[in-house]
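Visitor: All the letters of the sequence shown, read from the start, carry residue numbers 29 to 219 under the working numbering.
Simulated from the structure, these hints should not be mistaken for lab results. Every residue, glycine too, gets a C-beta built ideally from N, C-alpha and C. Take these hints with a grain of salt, some might be off.
Stated by the list, open to error - Label pairs and their computed distance ranges (CB to CB): (1) LEU204 / GLU52: 24 to 30 Å; (2) THR200 / THR55: 45 to 51 Å; (3) GLN132 / ALA90: 27 to 33 Å; (4) VAL75 / ILE128: 17 to 23 Å; (5) LEU169 / ALA61: 33 to 39 Å; (6) GLN164 / LEU60: 38 to 44 Å; (7) PRO160 / ARG65: 40 to 46 Å; (8) ILE128 / LEU204: 47 to 53 Å; (9) GLN58 / ARG156: 41 to 47 Å; (10) VAL87 / THR55: 28 to 34 Å; (11) TYR165 / MET91: 44 to 50 Å; (12) PHE100 / ARG130: 41 to 47 Å; (13) LEU204 / THR80: 20 to 26 Å.
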Amino acid sequence: GVVVLVLEIQAVMTAAMTVVRERELGTLEQLLATPARPLEIIIGKLVPGVLTTGVSMMVILAMGMFWFKMPFRGSMGLFAWLSLIFIISGQGLGLLMSTIARNQRQAQQLSTLLMLITMLLSGVVYTRLTMPKLVQYVGDLIPATYFIRITRGIITKGVGISFLWEDVVVLTLYALVVIIVAGRMFKKRLD
29 GVVVLVLEIQ AVMTAAMTVV RERELGTLEQ LLATPARPLE IIIGKLVPGV
79 LTTGVSMMVI LAMGMFWFKM PFRGSMGLFA WLSLIFIISG QGLGLLMSTI
129 ARNQRQAQQL STLLMLITML LSGVVYTRLT MPKLVQYVGD LIPATYFIRI
179 TRGIITKGVG ISFLWEDVVV LTLYALVVII VAGRMFKKRL D
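Using the sequences plus the hints, can you model the full thing?
Guide: As structure tokens, then:
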């Protein structure tokens, strides 16, 4: 659970800080001079963050398995694909936050706020079953909520996609929607 929280924070912060820093330094205007569309720029910003966070995920997983002898009962390939979707959703959320933040300090504050909300509402620290329904609905807006259930299912129980399909569908839709919204807000922000 904590690993999921760390990865989401890394994904969100790297994406948000990168775009905001480029805006402050003026290099974003150079990108806008190219014929690339805003959604293409957003996707271009996603790729390095996805690779960096993916490497972090592999290192953490390898340390857990080999150093701490954590049993991995499920499919490694399925876990890798679903991790990729989760990382993309976190990066997309960070890019969305970068369209809201005006400077690096605001981006960092938004990331910290998201980290706290994720810690409290996603099921990492407290069980979601005892939370009021309204709080659970707010927690449903966080991608870590779904990935925590996916991680627990694959790693500890060895379940497959047939048991996790609802969380996978929601996480995939979340990733698509947040990237599209980030692309549109990025375009509005530039106009």
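Visitor: If a hint holds in the structure, say so; if it does not, say that too.
Guide: Comparing the hints with the structure gives:
1. LEU204 / GLU52: 24 to 30 Å: Holds, since LEU204 and GLU52 (Cβ atoms, about 29 Å apart) stay within the stated range.
2. THR200 / THR55: 45 to 51 Å: 32 Å, violated
3. GLN132 / ALA90: 27 to 33 Å: 32 Å, holds
4. VAL75 / ILE128: 17 to 23 Å: Check passed, 22 Å falls within 17 to 23 Å.
5. LEU169 / ALA61: 33 to 39 Å: Because 35 Å falls inside the window, the suggested range holds.
6. GLN164 / LEU60: 38 to 44 Å: Between GLN164 and LEU60, where Cβ atoms are some 41 Å apart, the hint holds.
7. PRO160 / ARG65: 40 to 46 Å: For ARG65 against PRO160, whose Cβ atoms are near 42 Å apart, the range 40 to 46 Å holds.
8. ILE128 / LEU204: 47 to 53 Å: 20 Å, violated
9. GLN58 / ARG156: 41 to 47 Å: Holds, since GLN58 and ARG156 (Cβ atoms, about 45 Å apart) stay within the stated range.
10. VAL87 / THR55: 28 to 34 Å: 30 Å, holds
11. TYR165 / MET91: 44 to 50 Å: 35 Å, violated
12. PHE100 / ARG130: 41 to 47 Å: 43 Å, holds
13. LEU204 / THR80: 20 to 26 Å: Check passed, 21 Å falls within 20 to 26 Å.
Of the numbered hints stated above, those contradicted by the structure are hints 2, 8, 11, listed in ascending order.
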